[in-house]
Amino acid sequence: MVAAQPTPREVPEMPDFDVVSLPETDHVAEGEVAPDFTRPLANDEYWEDRALDDVVDGPTLLLFHPMDGAFQGTYLYNTVDDHGWTDDVDVLGLSISTPYAHKRLLADRGDGVRIFSDPGADVIEEYGLAHDIDGMTGITESRPAVFLLDSDRTVEYAWVASEHPEFPDAEAIGDAVADLVD
Amino acid sequence: MSEPQITLYRLQACPFCERVVRTLNELDLEYRSRYVEPMHSERNVVKRVSGARSVPAIVDRETGVTMSESANIVEYLKGTYGDAATDGGRAADAEGGA
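So the sequence lines, in the order shown, correspond to chains A and B.
Note that my numbering gives residue 76 to position 76 of the first sequence, counting from 1, and the numbers run on in steps of one.
Note that my numbering gives residue 45 to position 45 of the second sequence, counting from 1, and the numbers run on in steps of one.
Bear in mind the hints are in silico, worked out from the structure with no lab data behind them.
Owing to the predicted nature of the structure, the values given are computational and were not obtained by experimental measurement.
In this text, a Cβ means the ideal position worked out from N, Cα and C, and glycines have one as well.
A couple of the hints might just be wrong.
[Stated by the list, open to error] List time: in silico EDC-like cross-link candidates among lysine to aspartate or glutamate, alpha-carbon distance up to 20 Å:
{"#": "1", "chain 1": "B", "residue 1": "K47", "chain 2": "A", "residue 2": "E48"}
{"#": "2", "chain 1": "B", "residue 1": "K47", "chain 2": "A", "residue 2": "E45"}
{"#": "3", "chain 1": "B", "residue 1": "K78", "chain 2": "B", "residue 2": "E62"}
{"#": "4", "chain 1": "B", "residue 1": "K78", "chain 2": "B", "residue 2": "E18"}
{"#": "5", "chain 1": "B", "residue 1": "K47", "chain 2": "A", "residue 2": "D44"}
{"#": "6", "chain 1": "B", "residue 1": "K47", "chain 2": "B", "residue 2": "E37"}
{"#": "7", "chain 1": "B", "residue 1": "K78", "chain 2": "B", "residue 2": "E26"}
[Unchecked claim] A short list of chain A residues far from chain B (calculated; beta carbon distances all over 12 Å):
{"#": "8", "residue": "S21"}
{"#": "9", "residue": "E166"}
{"#": "10", "residue": "D179"}
[Unchecked claim] Restraint ranges, calculated between C-beta atoms of paired labels, are given here:
{"#": "11", "chain 1": "B", "residue 1": "K47", "chain 2": "A", "residue 2": "E163", "range": "43 to 51 Å"}
{"#": "12", "chain 1": "A", "residue 1": "S162", "chain 2": "B", "residue 2": "L27", "range": "29 to 37 Å"}
{"#": "13", "chain 1": "B", "residue 1": "E26", "chain 2": "A", "residue 2": "V33", "range": "21 to 29 Å"}
All chains, please: the whole structure from these sequences, using the hints.
Pasting the structure below:
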């Protein structure tokens, strides 16, 4: 199977660093209600099936990220810890990794975070975030994405990577969190 | 989604845990599965709720019973919720927490 080939382009200020533009995607957007789903949700001690609707009972940051072990996830949870977002909102992650991998990740970082496992990437597909990684046949990955949800799962802030690799803007997330909880 | 009254702490593919699951299903009881890791040192949550790190362990909010050891759990479940249970679970309560 030949996936649509993204176009490499030069970033002027970083001439040696090629980023790849990802195709347009019809992802969950601001103002929409984040689709409900049930998946195993891991904390640093155990995991259990939970529905998003059941878990969201206040402002919630829902973070989609590439599989545990990739440096994007490591950076993401370091950023969560550095900004202390779990003090202000519930922070939930989601990746295709197993609950065992989530537990290992949460042993080192992401204090107070819980992470959903979506190995089949069905939730990732439903949110419009699927990303077929070159050279890992059979694996559907998630684009990095951030959704800040109100207590009724309405998306107050959404960011979805449009390049690969691309990192969420911590300042923008911090501002959105502050706007929602103030 | 309402919270099931019984929480089962279990290990993936643990035969003793499956035995408890069979009984829960036979008695048509709602339960929530909480999976923990094979390593005993990784099971502090089980130790906190039941006093031991062994699985299976159940917490039954309906009766306030917390229990380890599959044979005990099966006996408790059948005694409390099976056809033979006629006292509303009081007999099982008395020996709960073992």
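Do the beta carbons of B:K47 and A:E163 sit within 43 to 51 Å of each other? With Cβ atoms ~46 Å apart, the hint holds.
Since A:S21 was said not to touch the interface, does its Cβ keep a gap of more than 12 Å from each Cβ of chain B? The claim stands: A:S21 keeps its Cβ more than 12 Å from every Cβ of chain B (closest is about 40 Å).
Take a quick look at A:E166 and tell me if its Cβ sits farther than 12 Å from every Cβ on chain B, holds or violated. holds (33 Å)
Whether A:D179 stays farther than 12 Å from all C-beta atoms of chain B, as the label says: With a cut-off of 12 Å, A:D179 remains clear of chain B, as the shortest Cβ separation is near 30 Å.
Is B:K78 close enough to B:E26, meaning Cα to Cα at most 20 Å? holds (9 Å)
Take a quick look at whether B:K47 and B:E37 sit within 20 Å of each other, Cα to Cα. Holds, at about 13 Å.
Given the hint that B:K78 pairs with B:E18, test it: the Cα-Cα distance must not exceed 20 Å. holds (16 Å)
Given the hinted pair B:K47 and A:D44, is their Cα-Cα distance within 20 Å? OK: B:K47 and A:D44 at ~15 Å, within 20 Å.
Are the Cα positions of B:K47 and A:E45 separated by 20 Å at most? The given pair, whose Cα atoms are some 11 Å apart, holds under the 20 Å limit.
Distance restraint between B:K47 and A:E48, which requires alpha-carbon spacing of 20 Å or less: OK: B:K47 and A:E48 at ~18 Å, within 20 Å.
CB-CB spacing for A:V33 and B:E26 relative to the 21 to 29 Å hint: At 39 Å between Cβs, range violated.
Could you see if the CB distance from A:S162 to B:L27 stays within 29 to 37 Å? At roughly 52 Å between Cβ atoms, B:L27 and A:S162 fall outside 29 to 37 Å, so the hint is violated.
In terms of the numbered hints stated before, the structure departs from hints 12, 13, listed from lowest to highest.
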